[in-house]
Structures are given as C-alpha cells and as structure tokens.
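Going down the list, the sequences are from chains P and L. For what it's worth, numbering that gives the first Met the number 0 labels the leading residue of the first sequence as 0, then goes sequentially. For what it's worth, numbering that gives the first Met the number 0 labels the leading residue of the second sequence as 0, then goes sequentially.
Please note that a few of the clues may not be correct.
Stated by the list, open to error - Here are the computed lysine-lysine pairs in the DSSO-like style, where the Cα-Cα straight-line distance is at most 30 Å:
#1 L:Lys65 with L:Lys269
#2 P:Lys52 with L:Lys165
#3 P:Lys52 with L:Lys244
#4 L:Lys291 with L:Lys28
#5 P:Lys55 with L:Lys244
Keep in mind that the hints were calculated from the coordinates and are not lab data.
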Amino acid sequence: MKRFEDLNYYQILEIPVRASSFEIREAYRDALSIYNEDSLTTYSLFTDDERNKILKKIEEAFLTLIDENKRADYDSMLVSSGKVDATDLITKDRKKPIPLFPTNNSTNGAFFFKRVQKKIAGKDVNEISNEILSKELISGSELRRLRKAIGIKLEEVFEITRIALTILDSIENDHFESLPPIIYLKNFLKQYSEILQLDSKRIVEGYIKNIALRHDTL
Amino acid sequence: MSVIYPIGGGKGGSGKSFITASLGVLLAKQGKKVVLVDLDLGGSNLHSFLGLKYTKTGLNEFLNKKFKKLDHVIASTAVPDLFVISSTNCSIECTNLFYLQKLKIISAIQRLSYDYILLDLGAGASFNTLDFFLTSNEGVFVTTPEPTSIENTFHFIKAVYFRKIKQILKQHDFNTIVREAVVSSKIGVIKWPSDIIDILVEHEPEKGKLLENRLTEYRFNIILNQFRKRSNVGLGNKIEKVCNKHFYSKFQFLGNVSYDERVHDSILFKKIYINTYPYTLTATDLQNVASKISENGRESLRHSSRM
Numbered sequence: 000m001k002r003f004e005d006l007n008y009y010q011i012l013e014i015p016v017r018a019s020s021f022e023i024r025e026a027y028r029d030a031l032s033i034y035n036e037d038s039l040t041t042y043s044l045f046t047d048d049e050r051n052k053i054l055k056k057i058e059e060a061f062l063t064l065i066d067e068n069k070r071a072d073y074d075s076m077l078v079s080s081g082k083v084d085a086t087d088l089i090t091k092d093r094k095k096p097i098p099l100f101p102t103n104n105s106t107n108g109a110f111f112f113k114r115v116q117k118k119i120a121g122k123d124v125n126e127i128s129n130e131i132l133s134k135e136l137i138s139g140s141e142l143r144r145l146r147k148a149i150g151i152k153l154e155e156v157f158e159i160t161r162i163a164l165t166i167l168d169s170i171e172n173d174h175f176e177s178l179p180p181i182i183y184l185k186n187f188l189k190q191y192s193e194i195l196q197l198d199s200k201r202i203v204e205g206y207i208k209n210i211a212l213r214h215d216t217l
Numbered sequence: 000m001s002v003i004y005p006i007g008g009g010k011g012g013s014g015k016s017f018i019t020a021s022l023g024v025l026l027a028k029q030g031k032k033v034v035l036v037d038l039d040l041g042g043s044n045l046h047s048f049l050g051l052k053y054t055k056t057g058l059n060e061f062l063n064k065k066f067k068k069l070d071h072v073i074a075s076t077a078v079p080d081l082f083v084i085s086s087t088n089c090s091i092e093c094t095n096l097f098y099l100q101k102l103k104i105i106s107a108i109q110r111l112s113y114d115y116i117l118l119d120l121g122a123g124a125s126f127n128t129l130d131f132f133l134t135s136n137e138g139v140f141v142t143t144p145e146p147t148s149i150e151n152t153f154h155f156i157k158a159v160y161f162r163k164i165k166q167i168l169k170q171h172d173f174n175t176i177v178r179e180a181v182v183s184s185k186i187g188v189i190k191w192p193s194d195i196i197d198i199l200v201e202h203e204p205e206k207g208k209l210l211e212n213r214l215t216e217y218r219f220n221i222i223l224n225q226f227r228k229r230s231n232v233g234l235g236n237k238i239e240k241v242c243n244k245h246f247y248s249k250f251q252f253l254g255n256v257s258y259d260e261r262v263h264d265s266i267l268f269k270k271i272y273i274n275t276y277p278y279t280l281t282a283t284d285l286q287n288v289a290s291k292i293s294e295n296g297r298e299s300l301r302h303s304s305r306m
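Using the sequences provided together with the hints, build the complete structure.
So this is what it looks like as structure tokens:
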C-alpha cells in the first residue's frame, strides 16, 4: 500500500490547506463513506486491520483540523518541517461559516446604536420629550411620535435591543392584550426609552399606570 | 504510433466484450482506424457483438502459421474503418497458450499500425490475461456496481500491479534483492503488491525509487458498466479516489454506462447495439466514454512528442 502515514492531514482528507471548517466536515464525511466497513468501494480492498488504521488516521486528521488551536499548531509544524509553504497558509482568506442570521451579533447592534445617536444629535426634540415626560399617563402612540420625529425606524430599535418587532409594535399601538408579562415589559420599555434618550424610570412608571387604568375601565 | 487499450476486469459477464465492440464502433466513426483483438481465448465471442457469425481468418491462422503476419488475418466488419481479429476458430486447447505463442501474439500486436487497438480480454487474472493487459502502458477495467464485481476488480488490479512489478524487476535484474528482502522483512505473504516497493525503498532506496517511477507511468481507466437507476452515483469517482491514494499508478474514471435490456436484444438478433439504438441513454454514455478516450489519446500523443 502506498504509505498512508506519509500523507499530511490535508492530503488525507483531500482538501486544500486553506479549507474552511465546512469543507473539512464535508471531506471527513466523504472519507468515512469511502472507508467504512460496509462501503462498496473499499470493503474488499482492505483487511480490517488496514481499514482500522486508515480510519484512525482520518479521525485524527479531522479532530486536529476542526479545532482552531490544534490546527494552528499543526500548520506551524508543517511549515517548520518544510512540507507546506507559509504563504499558502494565510488564514485571513480562510472561509468562515456563514452565520444563519447575519445580523445577529454584537458589532451590528453597536453600529445601529451609533447611527441612532447621530440622528438624535442632529434633531431638536426636547420639546416633545419634555411634553411626554410631564404627563402622568404615557401611551405608546406618544413614544412612536417621538421616534418618528427623530427619524428612527422600528427595525433599528430591534437591531439594538433585539426586542421582537411584534412586541415593539404592540407597545407603540397600546395593544395591551398582546404585551408580554409586566416583568419583561418593564425591561423592554426601559431599553426602548433609553434609545430615545428619555428618563426610563419615568416612562416605565407612566406606561404601566396607563395600562392599569385602561384595565380598570374595561 | 497505435494506442493500445487492453480491456479487462476480474469478473465474467461484466460487459468487457460489449464495451470493446461499442467503443470500437464509436472510435471508428470518429474517423479513426481501429482494430479489435479478441484475446478471450476459449471464451471468445467478440464477433457476435459486431453482428458477425464467424470470420474467415482469425488468430488461429496466425498461430498455426498459415499466415505469417498478424495483418493478414484481420477481418473487416460492417463498420468502415473497424477491423477485428477473432479467436473463434482457435483450437479448444488454446485457452492455455504456450509461453512463446503468447510472446508472439504480444509482439505482433505491438507492431500493428492502427490508430487504436482494443484488446478484449477474458475474465479472471491468469498469467495470459495479465500479460495481455500489460501489453500497453494503459489499461481499461470494466466493472459493474456490484460487490462481487468490485471485489474481483480490486483483485485484478492488484494482480496486474504485481505482475507489472515483476516485469520491471526482471528487466532491471534486482529480483534476488527483493526475494531476500521479502524473506528478511517477515511479512510473509505479500497482500499489497506495493509492499514490495516499501521493502525495496528500505533496503535499496535508489532501486525502489526507480520502481515507483515506472509504476507512476502506468495508467488505469475504470468504466462502470450496467449502471442502474438505483446504483450509487458517486461510486466510480470514489474508486478512482481510493485507488489514486493507495496505489502508485494513475487511475481515471471514464464514466458510467447505463444498463439497458436492449443490449440483450441486439445480441440475440446479432445486431450492433450502438448502431441499432444510437439514441439511448446507454449509447450516450458510451459516446462520452469514447470521447474521453480519444481526448486521452491526444494528450498522450502530445506528451510523447514532447519527450
């Protein structure tokens, strides 16, 4: 048999040194399908002993390459032994798996937060703010009026707070029946009013009072 | 210079003769001059796939010295540019050729001047079959997507490999070194022909390297015949992958050839399948394999002219 032991992990899995973790997984699955005991391709080519050795090697290759730290160690070993050219190993080019929800990470929230802050800085909305804060009962429509006056989109609020759009919508439209339980609602209101740079304590107080009053009248 | 393609494969009934005949017809239609040689001595029926009941002359007339040159026993077929050397009229005992007869046939084949010479080989891995297979630096395996057939194919590949190694060793006269090395290495039975290379590399690195290089020059081609709807589509490519990884020679998968009931019909009616049913899936598959072969031919010609 051509000496399998002489192949490096990348050659064993037949992937380029720049392969992404997705490619590594795919290659591993392919290799298993080729070398497993029931594989039509190889069951008659190898003895059990040979097969087990090969499978062990494949496992080893996979477990090393799929682990970023181990892979880095292994790569530098390959480079220092001259088996791989260092220029081939530019890790920047290595493809990362594409996230399922591309916006779901903290950097995005920060980006929108800055954008929203800029919008507020450019507008003079103190009058509306003060008007809202001075009220005993605060309704969602007033919060919406302020938001629109500044020019913030509801989606931007979502990007920063990650509060579901349906909930934000219910808050603004005073759809009390579809609001979350008070304990969550308080927190949501706090986050929302902080974006609008309002005194969050005052807003929560006024909004909850408004709900309670409506409840009583119903 | 003619390109010689031995067409073999371990198991009987995998369709070697059918593939040989069909490829012959297709290559001839590309305007190539092609001769098919039936070397399935004792089980010869290549002529039937070409729609012929018998041929006036054949290998027998060459072996019994009625004709001195192999050129003179070549028979024409219904397809222009396609010729055949049949072995139907060989004696019943010719299955077991004498060593010298075998050499005579091989060297005569190598002297033929055609674009393509396709050798239809018998099943099994007897010395005759192996030596005919090694007439060229390139060979074609026909296998079906069934475990039995693939088992036999691997056995055949290993046997060819082993024979090839022995050939090279004999040419370079380091047979004895290997024999000693094998005994001293305690392996006992050689399961992988290339184990010899490993042993040789260990004991005589230079000669081991030479053997390795010679084997790397050799090319195997794989055809998966009688491919059915439910067969594993990736099988051919996987076999190619595995062989390339574990043997020193080059392996190329030429393609799947679909199973078709009508192949049976065409044999019954003594018709050439590829001409009778040219627009079937199977015919298209064969066409693809043929064009791959002629592409390879061009490549190797270019290669040899460069050297």
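Hints, one by one, checked against the model:
no., hint, verdict
1, L:Lys65 with L:Lys269, "holds, 29 Å"
2, P:Lys52 with L:Lys165, "holds, 28 Å"
3, P:Lys52 with L:Lys244, "holds, 15 Å"
4, L:Lys291 with L:Lys28, "holds, 15 Å"
5, P:Lys55 with L:Lys244, "holds, 16 Å"
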